[in-house]
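Peer 1: One letter stands for each residue in the lines below.
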Amino acid sequence: MSVRQGLLALLSEQPMYGAQLRSEFEARTAGTWPLNVGQVYTTLGRLQRDGLVEADGEADDEGRITYRLTDAGRTSVGEWFASSVSPESTPRDELTIKVALGVTLSDVDVGAVVQTQRADSLRHLQALTRDKRDAVAKEDLARELVVERSIFATEAQVRWLDHMESRIRRARRRTTTPLADEETDR
Amino acid sequence: MTAAHHPEILLELRGVHRTHGGGAAVVHALRGVDLTLRAGELVAVMGPSGSGKSTLLNIAGGLDSPTRGDVVVEGVALGSYSRTALAQVRRRRLGYVFQDLNLIPTLTAAENVALPLELDGLRARDAREEALRSLEEVGMQEVADRFPDDMSGGQQQRVAIARALVGPRRVLLADEPTGALDSETGEEVLAVLRRRIDAGAGGLLVTHEPRHAAWADRVVFLRDGLVVDSGDTGDSEAASADLGEVATA
Numbered sequence: 408m409s410v411r412q413g414l415l416a417l418l419s420e421q422p423m424y425g426a427q428l429r430s431e432f433e434a435r436t437a438g439t440w441p442l443n444v445g446q447v448y449t450t451l452g453r454l455q456r457d458g459l460v461e462a463d464g465e466a467d468d469e470g471r472i473t474y475r476l477t478d479a480g481r482t483s484v485g486e487w488f489a490s491s492v493s494p495e496s497t498p499r500d501e502l503t504i505k506v507a508l509g510v511t512l513s514d515v516d517v518g519a520v521v522q523t524q525r526a527d528s529l530r531h532l533q534a535l536t537r538d539k540r541d542a543v544a545k546e547d548l549a550r551e552l553v554v555e556r557s558i559f560a561t562e563a564q565v566r567w568l569d570h571m572e573s574r575i576r577r578a579r580r581r582t583t584t585p586l587a588d589e590e591t592d593r
Numbered sequence: 025m026t027a028a029h030h031p032e033i034l035l036e037l038r039g040v041h042r043t044h045g046g047g048a049a050v051v052h053a054l055r056g057v058d059l060t061l062r063a064g065e066l067v068a069v070m071g072p073s074g075s076g077k078s079t080l081l082n083i084a085g086g087l088d089s090p091t092r093g094d095v096v097v098e099g100v101a102l103g104s105y106s107r108t109a110l111a112q113v114r115r116r117r118l119g120y121v122f123q124d125l126n127l128i129p130t131l132t133a134a135e136n137v138a139l140p141l142e143l144d145g146l147r148a149r150d151a152r153e154e155a156l157r158s159l160e161e162v163g164m165q166e167v168a169d170r171f172p173d174d175m176s177g178g179q180q181q182r183v184a185i186a187r188a189l190v191g192p193r194r195v196l197l198a199d200e201p202t203g204a205l206d207s208e209t210g211e212e213v214l215a216v217l218r219r220r221i222d223a224g225a226g227g228l229l230v231t232h233e234p235r236h237a238a239w240a241d242r243v244v245f246l247r248d249g250l251v252v253d254s255g256d257t258g259d260s261e262a263a264s265a266d267l268g269e270v271a272t273a
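Chain order of the listed sequences is P and R.
Per this note's numbering, the very first residue in the first sequence carries number 408; after that it's consecutive.
Per this note's numbering, the very first residue in the second sequence carries number 25; after that it's consecutive.
Don't read these hints as lab results, they were simulated from the structure.
The structure displayed is predicted, hence computed values, not measured ones.
Each hint should be verified, as a subset may be incorrect.
Unchecked claim - Which chain R residues stay away from chain P? Per the calculated CB distances, all over 10 Å, these: (1) 72; (2) 114; (3) 235; (4) 238; (5) 240; (6) 241; (7) 252.
To be verified - So the derived list for chain R, only partly shown, Cβ under 10 Å to chain P, looks like this: (8) 68; (9) 122; (10) 146; (11) 149; (12) 150; (13) 206; (14) 209; (15) 210; (16) 234; (17) 242; (18) 245; (19) 250.
Beta carbons: idealized from backbone N, C-alpha and C, even for Gly.
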């Protein structure tokens, strides 16, 4: 993503200046992606260069320039919402590597690795769930959706750990040969 | 440990063993489980199939007895009760929410909920009043006079929960209580349990869903009949830092 697309999407609602864009972006995404004002202005500069936004009149008394979408910018917003985000995820994260290496090393207790991770991930899931209940109570739908995203991701990780554990136990029962990585998501 | 600022203990499993069968075919379902449940605490129990989760819940609820060890509900060991007294404890102090709703199809929602109270000798009118209160607690007062067949699955499950909660019960035992419900209705069911627990009850929730376990204050993991992780971190607000529960595996 892009902060670019996010700013364009906000400008499709109404013209805004940099600081306004920043606070709207943060408020509507529940602070999940903090921006600094410098980044916002740099991005606006590039968007202007690329013909997607333009200044909406002169700077005001405080020197703030309001930006609005050009036709090309409006098209870009439409295309962004109409297209999908790449669903490809890479298994190249630390936990995957740890488990993959763990099963090939004879003195690593992978079951313990899995349990340590699962307990911690569940604590994280508990914190997220409290956060979500709070968002629901305050009818903060944007925050609820953002938190829910993390809940799904953490839940998927725990399920993967459950699956790995039973798979490893099964493999250990059958043989002492190192596991093939047929279970690793690719 | 210092018990001073810990909430009251509602349920305790002390060195609970449960074996089925004998000789070469003996199965050790539970092999020395210690577990403490305090007021205001929801404890999730997780583990692979066959790890002893459901046995643990049945034993905690007096539906099954330990081969060795004690189950203590609000200070009294279940083993010390007569059969009749045990049945009374089950009706008055323990609330069960199971996957199978077991609502009686020929009784209305209110009658289903009132049933355990009437069995316990409460007058019909008082029982109905209590039942309506309990239905209100789960947001189901409007279906009070409907039969189970005229309710959705989610409504039936909430009525079943109202029945599990009716009266002064403080120990709630739930086995995959969201069963086949869609995720939103499932969460409502958990929210109802959570509210009752926040108001001073305690609950054991057996589940294989991480998302549901996350509603708990701590998560106990069972493996081959043993607690391998009791979920105590010492930093959780509601959880007790009961060091006696640390894994023996």
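Peer 1: Indicate, hint by hint, whether the structure satisfies it.
Peer 2: Hint check results:
no.	hint	in the structure
1	72	violated, 6 Å
2	114	holds, 30 Å
3	235	violated, 5 Å
4	238	violated, 4 Å
5	240	violated, 7 Å
6	241	violated, 8 Å
7	252	violated, 6 Å
8	68	holds, 8 Å
9	122	violated, 23 Å
10	146	violated, 34 Å
11	149	violated, 36 Å
12	150	violated, 34 Å
13	206	violated, 15 Å
14	209	violated, 14 Å
15	210	violated, 13 Å
16	234	holds, 4 Å
17	242	holds, 8 Å
18	245	holds, 7 Å
19	250	violated, 12 Å
Against the hints set out earlier in the document, violations occur for numbers 1, 3, 4, 5, 6, 7, 9, 10, 11, 12, 13, 14, 15 and 19.
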